[in-house]
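Whole structure, please, built from the sequences with the hints as guidance.
Each chain, written out:
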Amino acid sequence: MSSKRKCSPLSSIGKKQIMGATGLLLCGFLVTHFVGNCTLFLGPAAFNKYSHALTSNPLIYLAEAALLGLFLAHILMAIKLVIENKKARPVEYHTYIKSGRGGTFASKTMPYTGIIALVFLVIHILGLKFGTQYSTTIDGIEMRDIYKTTIEYFQDPLHIVFYIISMIALGIHTSHGFWSAFQSLGLSHPKYMPKIQLASKLFGLFVVIGFSSLPIFCYLQGGH
Amino acid sequence: MGGNSTDTMSLNLKVWRQKNNKDKGQMVDYKLDGVSPDMSFLEMMDTLNTKLIKEQGDTIAFDHDCREGICGMCSMMINGQAHGPEAETTTCQLHMRKFKTGDTIVVEPWRAKAFPVLKDLMVDRGAFDQIIAAGGYVNVNTGNPQDANAILIGQENAELAMDAAACIGCGACVASCKNASAMLFVSAKISQLALLPQGAVESEARTQAMVAKMDELGFGNCTNEAECEAQCPKGIKIENIARMNREWFKGALGSRN
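The listed protein sequences correspond, in order, to chains Z and F. Each residue of the first sequence is one higher than the one before, starting from 1 at the first, in the working numbering. Each residue of the second sequence is one higher than the one before, starting from 1 at the first, in the working numbering.
Since the hints were derived computationally from the structure, they do not count as laboratory data. Ideal Cβ placement from N, Cα and C applies to all residues, glycine included. Warning: the hint list may mix true and false statements.
[What the hints assert, rightly or not] Computed cross-link-like contacts, BS3-like style, restricted to lysine-lysine with a CA-CA straight-line distance of at most 25 Å:
#1 Lys-22/F with Lys-86/Z
#2 Lys-108/Z with Lys-250/F
#3 Lys-24/F with Lys-86/Z
#4 Lys-178/F with Lys-86/Z
#5 Lys-178/F with Lys-108/Z
#6 Lys-87/Z with Lys-31/F
#7 Lys-24/F with Lys-14/F
#8 Lys-178/F with Lys-24/F
#9 Lys-119/F with Lys-178/F
#10 Lys-22/F with Lys-98/F
#11 Lys-87/Z with Lys-24/F
#12 Lys-98/Z with Lys-250/F
#13 Lys-54/F with Lys-14/F
#14 Lys-51/F with Lys-31/F
#15 Lys-80/Z with Lys-113/F
#16 Lys-113/F with Lys-201/Z
#17 Lys-80/Z with Lys-51/F
#18 Lys-250/F with Lys-191/Z
#19 Lys-113/F with Lys-19/F
#20 Lys-148/Z with Lys-129/Z
#21 Lys-22/F with Lys-98/Z
#22 Lys-100/F with Lys-87/Z
#23 Lys-86/Z with Lys-119/F
#24 Lys-108/Z with Lys-86/Z
#25 Lys-80/Z with Lys-22/F
#26 Lys-98/Z with Lys-54/F
#27 Lys-19/F with Lys-98/Z
#28 Lys-113/F with Lys-98/Z
[Said to hold, decoys possible] Label pairs and their calculated CB-CB ranges:
#29 Pro-145/F with Thr-32/Z: 29 to 35 Å
#30 Val-122/Z with Thr-104/F: 43 to 49 Å
#31 Thr-104/F with Lys-80/Z: 37 to 43 Å
#32 Arg-101/Z with Thr-104/F: 39 to 45 Å
#33 Tyr-192/Z with Gly-57/F: 54 to 60 Å
#34 Lys-98/F with Cys-38/Z: 51 to 57 Å
#35 Arg-101/Z with Val-138/F: 32 to 38 Å
#36 Ile-70/F with Val-161/Z: 52 to 58 Å
Set out below in C-alpha cells:
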C-alpha cells in the first residue's frame, strides 16, 4: 500500500463523521435550548429576561452563525449521502425485506424525520423569533415581550399539533442519530455501546416529552 | 434422505434471468415439483436446472463452490434477504425444510453498482478483490521464521481478530445494506489485521487506502442500520465498522499529506 494517504474529509467515513459530530453538537443545542426555555415555566419576567440576555449579547451573532453552520453541514452532508446511496444500487430488488434483526423504524426513516425537523425549524423561527413583536419593561429595561408572543402563538391548536408531531419526528430522528454518531466516530465498545443505545432512546424520549410540554403549558396559560 | 413422494414439495419460483451484463433482464416464473425438504437451496436450484436441461432450456447460472458454508461463493437474494431467511446461514447451508409446499420463492442476484450482474444470479465481486489489493495485507519482511512465542498476543485480541477473519467475502453485507455499502466487509478485513501486532503497524495507512478504494468503486455509505450484521452468514459485528472508523480518523488526524 502506498505511504501517501488519501484521507479526504469527503470520503465515505469522513462524511459520516461530519454527520455524527454535527449531529451530536445539535443534540447539545437541543438540551441548552430546552433548559433555557424552561424559564417559560417561571413566568413572563424570567422568560423575557432570559430572552433579552441572549439577544442583547453581541456574541449571539457568532453563536447563531455557528449554529447555522452546524445545520448546513448536517443537511448538506445528508443530501450528499442520500444521493450517493441511491446511486450505489441503480437496480432495485424485486423483493427486499429487512431481517427484523437489524434496522429499526428510526434508522429507516432518518431522511424523512430529518425533513420534518427542517420544515419545523423554518416555521418555528418564522412564527416565534420573527413573530409578532411586543415590548415590555422589566426592572426599568425595555425589552421584547417574547413571552406574550409565545403564549399567543400556542393558542392555535394547529400550532400545537404541528409542534408535537415535529417533536415526535425529531425524537425518532435523535433516538437513532445519537448512538449512530458514536458508532460513526468510532466510539464503540461492547461494554458501553448498549448503554449509549439506551441513552439514545432516552434522549429521543426527552425530546418528545420535554419539548412537547412547552406548547401545552403555553396553551394552558392562555386564559389567564 | 429416503423420503417418499408425499414428503416432497411443489414450489413456485421467481428467478432473475439475465443473458449477460448488457441484457436488461427480467423475473421468470418456474414451477418445480418433487423438492425434498432435505435438499439444500443450491440442490433445489440444481434440480430446477436439471428440469430446464430436460426441457431444452437455458440453465440458470449461479455461483457456488464448497457447499459447506465457508467459501463465500453462493450469493443469492432469497425472498428479499441475503442467503435467505435463516440467520448466520449461507445459501448452500439453507435447507428446503425452511419452506413449505406451495410457497413462492423469489431469487435474485446481489444488487449493487459495484457488483454488476454477469449472468442470471452471478455477479462480479471483483470489487472486493480490488479493495484487498489496495491494502488488505501485511508488508512482510521475509527471513527466518521467528520463535513461536516471540510475539505475544492477548487472548481477547486473538479472539476478536479470529471473529473478524471469519468473513468469507460473500458480499451479503453489500446486498442486504439499503445503501449497498461494503463497510462490514472492509472493516472485517481491516480489523483482522489491526488487532494483531503484525498488522497493527500499517493499520492507519491500510484503512485510508482500502476506504479510498471502496469509495472509488461506488459502494454506498453506512447509515448504521446493522442490517449487514443481521444478514451476515458469519455474524460479523458492526463493532468492526466502528474500529475502522476509529482507525480512519486516527489516520486522517495523523496524516502528513
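Status of each hint after checking the structure:
Between the alpha carbons of Lys-22/F and Lys-86/Z the distance comes to roughly 21 Å, so the proposed pair stays at or under 25 Å and holds. Restraint check for Lys-108/Z and Lys-250/F: the C-alpha separation of about 29 Å exceeds 25 Å, so the hint is violated. The straight-line distance between the Cα atoms of Lys-24/F and Lys-86/Z is roughly 19 Å, inside the 25 Å bound, and the hint therefore holds. Under the criterion of a C-alpha separation no larger than 25 Å, the hint pairing Lys-178/F with Lys-86/Z is consistent with the structure, at around 9 Å.
Using a Cα cut-off of 25 Å, the hinted pair Lys-178/F and Lys-108/Z holds, with the two alpha carbons roughly 9 Å apart. Taking the CA atoms of Lys-87/Z and Lys-31/F, the gap is near 34 Å; set against the 25 Å cutoff, the hint is violated. A distance of roughly 16 Å separates the Cα atoms of Lys-24/F and Lys-14/F; the hinted pair therefore holds under the 25 Å criterion. Under the criterion of a C-alpha separation no larger than 25 Å, the hint pairing Lys-178/F with Lys-24/F is consistent with the structure, at around 22 Å.
Annotation: proposed proximity of Lys-119/F to Lys-178/F holds, straight-line Cα distance about 23 Å (limit 25 Å). Restraint check: the Cα-Cα separation between Lys-22/F and Lys-98/F comes to about 35 Å, which exceeds 25 Å; the hinted pair is violated. Distance hint between Lys-87/Z and Lys-24/F is fulfilled; the C-alpha atoms sit about 18 Å from each other, no more than 25 Å. Distance check on the hinted pair: Lys-98/Z and Lys-250/F sit about 33 Å apart at the alpha-carbon level, beyond 25 Å; violated.
A distance of roughly 19 Å separates the Cα atoms of Lys-54/F and Lys-14/F; the hinted pair therefore holds under the 25 Å criterion. With a C-alpha separation of about 10 Å, the suggested pair Lys-51/F and Lys-31/F falls inside the 25 Å cut-off, and the hint holds. At roughly 17 Å between alpha-carbon atoms, Lys-80/Z and Lys-113/F fall within 25 Å of each other, so this suggested pair holds. Distance hint between Lys-113/F and Lys-201/Z is unfulfilled; the C-alpha atoms sit about 34 Å from each other, more than 25 Å.
About 48 Å separates the Cα atoms of Lys-80/Z and Lys-51/F, which puts this hinted pair outside 25 Å; it is violated. Under the criterion of a C-alpha separation no larger than 25 Å, the hint pairing Lys-250/F with Lys-191/Z is consistent with the structure, at around 22 Å. Distance restraint check for Lys-113/F and Lys-19/F: the Cα-Cα separation of roughly 18 Å lies within the 25 Å cut-off, and the hinted pair is therefore satisfied. In summary, the hint linking Lys-148/Z to Lys-129/Z is supported, as the alpha carbons are separated by about 12 Å, within the 25 Å threshold.
For the hint pairing Lys-22/F with Lys-98/Z, the CA-to-CA distance comes to about 29 Å; that exceeds 25 Å, so the pair is violated. Proposed proximity of Lys-100/F and Lys-87/Z is contradicted: the alpha carbons are some 36 Å apart, above 25 Å. Simply put, Lys-86/Z and Lys-119/F have alpha-carbon atoms about 23 Å apart, close enough for the 25 Å limit, and the pair holds. Pair hint Lys-108/Z plus Lys-86/Z holds up; C-alpha atoms about 14 Å apart against a cutoff of 25 Å.
At most 25 Å may separate the alpha-carbon atoms for a hinted pair to count; Lys-80/Z and Lys-22/F exceed this at roughly 29 Å. The straight-line distance between the Cα atoms of Lys-98/Z and Lys-54/F is roughly 37 Å, outside the 25 Å bound, and the hint therefore fails. The hinted pair formed by Lys-19/F and Lys-98/Z fails the criterion: a straight-line CA distance of about 29 Å is larger than 25 Å. For a cut-off of 25 Å, the pair hint linking Lys-113/F to Lys-98/Z stands: about 20 Å separates their Cα positions.
Separation of Pro-145/F from Thr-32/Z is about 60 Å and departs from the stated range, judged on CB atoms against 29 to 35 Å. The hinted window of 43 to 49 Å between Val-122/Z and Thr-104/F holds, with their beta carbons roughly 47 Å apart. Taken as a hint, the range 37 to 43 Å holds for the pair Thr-104/F and Lys-80/Z, whose Cβ atoms sit roughly 39 Å apart. Checking the proposed 39 to 45 Å range against Arg-101/Z and Thr-104/F shows it is violated: the Cβ atoms sit about 23 Å from each other.
A C-beta distance of roughly 56 Å is found between Tyr-192/Z and Gly-57/F, which places it inside the suggested range of 54 to 60 Å. The hint said 51 to 57 Å for the Cβ distance between Lys-98/F and Cys-38/Z, and at roughly 55 Å that hint holds. In this structure the supplied range 32 to 38 Å holds for Arg-101/Z paired with Val-138/F, their Cβ-Cβ distance being about 34 Å. The hint said 52 to 58 Å for the Cβ distance between Ile-70/F and Val-161/Z, and at roughly 56 Å that hint holds.
Figure legend: structure checked against the earlier numbered hints; hints not met, in rising order: 2, 6, 10, 12, 16, 17, 21, 22, 25, 26, 27, 29, 32.
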